[in-house]
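Engineer: Construct the complete structure from the given sequences, taking the supplied hints into account.
Quick mapping for you: the protein sequence lines, in order, are chains B and Y.
Per this note's numbering, the first sequence runs over residues 149 to 385.
Per this note's numbering, the second sequence runs over residues 14 to 229.
I should point out that these hints are in silico values taken from the structure, not numbers from a laboratory.
Please note that the accuracy of each hint is not assured.
[Said to hold, decoys possible] Where chain B lies over chain Y, by a calculated footprint (3+ residues, C-beta under 8 Å):
| id | region |
| --- | --- |
| 1 | 72-78 |
| 2 | 161-170 |
| 3 | 181-187 |
| 4 | 191-205 |
[Stated by the list, open to error] Coverage of chain B stretches by chain Y, computed from C-beta distances (three or more under 8 Å per stretch; other residues unrestricted):
| id | region |
| --- | --- |
| 5 | 206-220 |
| 6 | 225-235 |
| 7 | 302-308 |
| 8 | 323-334 |
| 9 | 339-351 |
Computed from a predicted model, the values in this text were never measured in an experiment.
Virtual Cβ for every residue (Gly too), placed ideally from N, Cα, C.
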Amino acid sequence: MNVFGWLLDPAHWTGPQGVPQRLVEHLGYTALTLLIAIIIAVPLGAWIGHTGRGGFLVVGLANGLRALPTLGLLVLLVGAIGIGLLGPLIALVVLAVPPILAGTYAGVRNVDGAVVDAAKGMGMRGRDVLFQVELPNSLPLMIGGIRSSLLQVLSTATIAAFVALGGLGRFIVDGLAVRDFGQMIGGSLLVALLAIVADLLLAGLQKLLVSPGLRAVPQTGRRLRAVPGRAPTAEAA
Amino acid sequence: MTWVLGNLGLIADLTLEHLAFALPPVVLGLLLAIPLGWLANRTRTGRTIVVNLAGLLYTVPSLALFVILPAVLGTGILDRLNVIIALTVYTLALLVRTVADALSAVPGMVIDSATAMGYRPVRRFLSVELPLSIPVVLAGVRVAAVSSISLVTVGSVIGFGGLGKMFTDGFQRDIPQEIIAGIVLVLVMALVIDGLLLLLGRALTPWTQARAGARR
Numbered sequence: 149m150n151v152f153g154w155l156l157d158p159a160h161w162t163g164p165q166g167v168p169q170r171l172v173e174h175l176g177y178t179a180l181t182l183l184i185a186i187i188i189a190v191p192l193g194a195w196i197g198h199t200g201r202g203g204f205l206v207v208g209l210a211n212g213l214r215a216l217p218t219l220g221l222l223v224l225l226v227g228a229i230g231i232g233l234l235g236p237l238i239a240l241v242v243l244a245v246p247p248i249l250a251g252t253y254a255g256v257r258n259v260d261g262a263v264v265d266a267a268k269g270m271g272m273r274g275r276d277v278l279f280q281v282e283l284p285n286s287l288p289l290m291i292g293g294i295r296s297s298l299l300q301v302l303s304t305a306t307i308a309a310f311v312a313l314g315g316l317g318r319f320i321v322d323g324l325a326v327r328d329f330g331q332m333i334g335g336s337l338l339v340a341l342l343a344i345v346a347d348l349l350l351a352g353l354q355k356l357l358v359s360p361g362l363r364a365v366p367q368t369g370r371r372l373r374a375v376p377g378r379a380p381t382a383e384a385a
Numbered sequence: 014m015t016w017v018l019g020n021l022g023l024i025a026d027l028t029l030e031h032l033a034f035a036l037p038p039v040v041l042g043l044l045l046a047i048p049l050g051w052l053a054n055r056t057r058t059g060r061t062i063v064v065n066l067a068g069l070l071y072t073v074p075s076l077a078l079f080v081i082l083p084a085v086l087g088t089g090i091l092d093r094l095n096v097i098i099a100l101t102v103y104t105l106a107l108l109v110r111t112v113a114d115a116l117s118a119v120p121g122m123v124i125d126s127a128t129a130m131g132y133r134p135v136r137r138f139l140s141v142e143l144p145l146s147i148p149v150v151l152a153g154v155r156v157a158a159v160s161s162i163s164l165v166t167v168g169s170v171i172g173f174g175g176l177g178k179m180f181t182d183g184f185q186r187d188i189p190q191e192i193i194a195g196i197v198l199v200l201v202m203a204l205v206i207d208g209l210l211l212l213l214g215r216a217l218t219p220w221t222q223a224r225a226g227a228r229r
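Structural biologist: This is the structure in structure tokens:
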């Protein structure tokens, strides 16, 4: 089987069903979803982390999401709302919110108490403490949550081709329909590549945004301490 | 409910098929993760390589992996083996890091004591280090099992069986009850397997119970 044959055919790189168009669609859904999810989850997570109210709910939600079959949610919502952008978009946002919420909550919650006390001792008010101390300090975990969400959304957007959405998943679903395995494999390679590149970009962004003071990794010997329950929250859907 | 009551046989078949897809990868992934995790825990470079490679594999979306694997392995594109291997890859990617972390958390003094008592490396690993790392590894296995159960459903997009069939079929024939029943069954299965693993972990580590009892 010629794995790269389909990808290398210039005919597949132009027109409304070409790779660039599908890539733009895929990125569009992902960006829109992440934007909405961040607008919902970051303030909510920051508030919950700041006040400490409802934390158990956030943790439960993030854990429960792992078991929720994304395809089921997708077809249920699209069945209820109808084919179009809205149904898949709601499903994607539902999946994207919990990791960001949990990351922001954990980030704000885990800020060193002494740092918060010092900020208060310097005369900072609640809002200043949140914006100038707690949020910058919580960036590593917050962006970690956004990375989990991004992967979740990229992969679920692929599956969304099944409910007649565009994007790179179309190549897999359409390829299967006409038994064009080259097209399926080409599309899959593009999806995998996109996910890896997107994750690396966010990792770079994380390095850029996080204060150097937070990056000072504690000196670890050969026997590193394990942190139970710190398994990746990303679900490779 | 009428749809569910009229199709109990089908649901039972799909549930069994789902388990046959979801559980072997967890066992296989764990068996592979133990030696690799041990290796990763030996040297810092080994650890860096393993952790980064695992992260990379974990990044690839499942639907894409289901399709790429046959191209790499030469299996048929609709071979069930693809799903099993793909999920094994995810489990391995998740657990290799957990195993390395768990092994590195075994107190050095315990290992030194075992060495002083005459345990050779292999036996020491199997009867001291590995049992002591069970609680952390098991937490990882629970995550992997739940993810695996949820991910099997994605395979139905390209025609594989299991409970995901209730999603594709329910969508195409417009039977919302079938979709909802499928979601509930996947969630219940994940919950039950998670609970069973929790109990298994307790049975395998009686000393943690004794410690909790003593504290009380």
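Engineer: Against each hint, give a clear statement of whether it holds in the structure.
Structural biologist: Outcome of the hint check:
no.: 1; hint: 72-78; verdict: holds (count 7)
no.: 2; hint: 161-170; verdict: holds (count 7)
no.: 3; hint: 181-187; verdict: holds (count 4)
no.: 4; hint: 191-205; verdict: holds (count 8)
no.: 5; hint: 206-220; verdict: holds (count 7)
no.: 6; hint: 225-235; verdict: holds (count 3)
no.: 7; hint: 302-308; verdict: holds (count 4)
no.: 8; hint: 323-334; verdict: holds (count 4)
no.: 9; hint: 339-351; verdict: holds (count 5)
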